[in-house]
Every structure is written in structure tokens, then in C-alpha cells.
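K.L.:
Given chain V's structure and the hints, the job is docking chain W onto it.
So the protein sequences, as listed, match chains V and W. So the mapping is simple: our numbering equals the position in the first sequence, first residue as 1, plus 8. So the mapping is simple: our numbering equals the position in the second sequence, first residue as 1, plus 123.
Note that these hints are calculated values from the structure, not bench results. Check each hint, because a few of them may be wrong.
Result set (DSS-like, lysine-lysine): computed pairs, CA atoms no more than 25 Å apart in a straight line [claimed, not checked]:
| # | chain 1 | residue 1 | chain 2 | residue 2 |
| --- | --- | --- | --- | --- |
| 1 | V | K135 | V | K168 |
| 2 | W | K191 | V | K57 |
| 3 | W | K205 | W | K156 |
| 4 | V | K119 | V | K168 |
| 5 | V | K135 | V | K182 |
| 6 | V | K122 | V | K218 |
| 7 | V | K57 | W | K216 |
| 8 | W | K167 | V | K18 |
| 9 | V | K62 | V | K18 |
| 10 | V | K62 | V | K182 |
| 11 | V | K168 | V | K157 |
| 12 | V | K62 | W | K167 |
| 13 | V | K19 | W | K143 |
| 14 | W | K205 | V | K19 |
| 15 | W | K212 | V | K19 |
| 16 | V | K18 | V | K57 |
| 17 | V | K11 | V | K57 |
| 18 | W | K217 | V | K57 |
| 19 | V | K122 | V | K157 |
| 20 | W | K191 | W | K218 |
| 21 | W | K218 | V | K57 |
| 22 | V | K57 | W | K162 |
| 23 | W | K212 | V | K57 |
| 24 | V | K19 | W | K167 |
| 25 | V | K184 | V | K18 |
| 26 | V | K184 | V | K57 |
| 27 | V | K218 | V | K62 |
| 28 | V | K18 | W | K212 |
| 29 | V | K182 | V | K168 |
Every beta carbon over 10 Å from chain W, so not counted as near; a handful from chain V, in silico [stated by the list, open to error]:
| # | residue |
| --- | --- |
| 30 | E33 |
| 31 | P64 |
| 32 | V177 |
| 33 | N201 |
None of the values given here were measured: they were computed from a predicted structure. Glycine is no exception: its CB is placed at the ideal position from the N, C-alpha and C atoms.
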Amino acid sequence: MNKIDNFFTKKECDWFIWYHSVLPETRDNGQRFLTMTHWDQPFFSRKLKQLQEKLPSNEEITTVNINFDYSAGGVHSDGYIDEDKNIANSYLIPISVHDTDAYYTIIFEQKSAKAVTFNNELGLGSKGITTYQQITRNQYGLADTPFDKEIYNKYLDHLKYDALGGFTVDCIHKWKLGDAMIWPRENFHVSANFSNKNARASVLITTRYK
Amino acid sequence: MIDYVFENNGSIQYDVNGPKIHFYGKNYVTNTKDYVIIKSIYYKDLLLNELFQYSTMTTDNEDYKELKNVNYVSFNGTWELKFTEDDIKQILKKKLT
Chain V
9 MNKIDNFFTK KECDWFIWYH SVLPETRDNG QRFLTMTHWD QPFFSRKLKQ LQEKLPSNEE
69 ITTVNINFDY SAGGVHSDGY IDEDKNIANS YLIPISVHDT DAYYTIIFEQ KSAKAVTFNN
129 ELGLGSKGIT TYQQITRNQY GLADTPFDKE IYNKYLDHLK YDALGGFTVD CIHKWKLGDA
189 MIWPRENFHV SANFSNKNAR ASVLITTRYK
Chain W
124 MIDYVFENNG SIQYDVNGPK IHFYGKNYVT NTKDYVIIKS IYYKDLLLNE LFQYSTMTTD
184 NEDYKELKNV NYVSFNGTWE LKFTEDDIKQ ILKKKLT
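Okay, chain V solo, but in the shape it has when bound:
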């Protein structure tokens, strides 16, 4: 697990907020307003080059989204929709944070190369689902080992405790404006609960190996 300090400057963070404001469509998925950046369009080519240059040379971009979160999400992986053996990493870069609030993203050791989520079993229903497939604990084969109670109480009290059994935490990322939090796309992860529901926004970049 990894991070890159100052992946975006404040000016670059503000650019994405501006860009979101001029795009014609944003989707409310029940947890966040999600804006597709249309990163593969010719008009975005200069920006894409700038983003690509920030990434390792053996990775190429597969998604760039802007998210304005108003609710903490459920456990999911950013794996493939259409099978891809070369999925690489997720880069989550905060572009807006509330001064007095702290935000965290929890990365688990468990993995799924396919994009799936446990949102239903975690008590979130279909909120936060755009293209990901819902799966159950049984389908995945999660153990019944109780989840770390301290971590649950501190970060994940928006989810059903029992549904987290079998998950083990690999890393807890703290959000910092402009810093990229990085994890392998196949690793399950989840947003910690947070207050100030209309204050935070981020850019998510996913990559594949060339």
C-alpha cells in the first residue's frame, strides 16, 4: 500500500471542481454525486497526459471520476467489469475536505479481481451501486471471524458489524488534500463514516498494467 504526497496541487484540485461544474451530467448513486470526466475524449487529451505523467510508466488510465460524497459507502473492489488480467491500482485523491473533519479509507487484505460489492449485506441496499455486482458473504467465502471491534467503532459504524466478519484490515489511509492514496484495485476497501456530509470530494483514477 502506498501514497503519493502532493499528487495534485491546490490549483489542480480546484480545476477538477471547476471541471465538474461545467460538465453536463452528474449521477446520484445514493451515496455520492459521481461525474464521469470523459477522460478518453480528445478535448481532455492534455489533461490526460498530465495525469498519465504522474503515474508509473507501466500503468495506463482506465477510469477518472469525480465524486462528491454525502454518505459513506460499502465494501467493494475496483476490479474489472469486463475481464482484464492486467488491472493495476486505484488512486484516490481528495480535492475538497472540510477543515475540521477527518476522513479515512480502509483497505482490506481480501481481494476480488472482478468489481463486486457487499453493500446489500452491509445494510446499504443498492446505494452506491453503479456498475458493480452485489455478492454475498457466502458467495465470496468470508470466514466468520469477528471483525476488529475497535476499528469498527472508530470508522465503520455505518455498516452492519456482523457482515464485516472475516475481513482483515491491511491499511487505513487518512485523507489529505491533494495526496493520492493508492491500493491494488483488487483489494476490497471502504470509506470510513464521516460527518459534514456535503464537504468532501475526490478524484478516483484506476489503472491497468500496459
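P.N.:
For chain W alone, kept in the frame of chain V given last:
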């Protein structure tokens, strides 16, 4: 915030000042065929050549004093873009829907 890609075919010089470009130095007697093409317009790093439709140019030629939608420049004069953020939204909407 705004920048351009030019193709300069001759001796015309230009100074860029945001949405305004001052073209000068063309000698209409000795360099009749000189011209500049504004190939691309980037606004906040987005390639938006649709902005040409928001361009005007005032020239030193009596017959072509005021021009609109200009990307081919063969006169001395001042080229200018005037648009709003709403125009950017409309351009992107048209591109994406």
C-alpha cells in the same frame, strides 16, 4: 488559462494576451501570401476549438475590417475571444450528449 497552437506561414508576428491576440508585421507589398493559422484553442487545458465561433477580428484592411469565426489570419489586426462559462457548458453538453 487560454492558450493556442499556431502554424505560422511567413513573417506575421503575434502577441498573445489571454483572449486577445495582436497580429502585426505583415508587409502587404512584399509578403502577400503570409498567414497564420490558429490550429487549436485550449481553455483551462481543455481542447475546445468550438470557441472559434466566439472569435472576432478587427483588421487594417478596409474591406475586411470586422471578421467573425476566424482561425485563418492573413491581415494585421486584433483577434479576440468573448465567451462565458455558460458557453463552455453548452459546448461540452453538445460534445457529450
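K.L.:
So which of the earlier hints does this model not fit?
P.N.:
Violated hints (numbers, rising): 2, 3, 19 and 30; every other hint is consistent with the structure.
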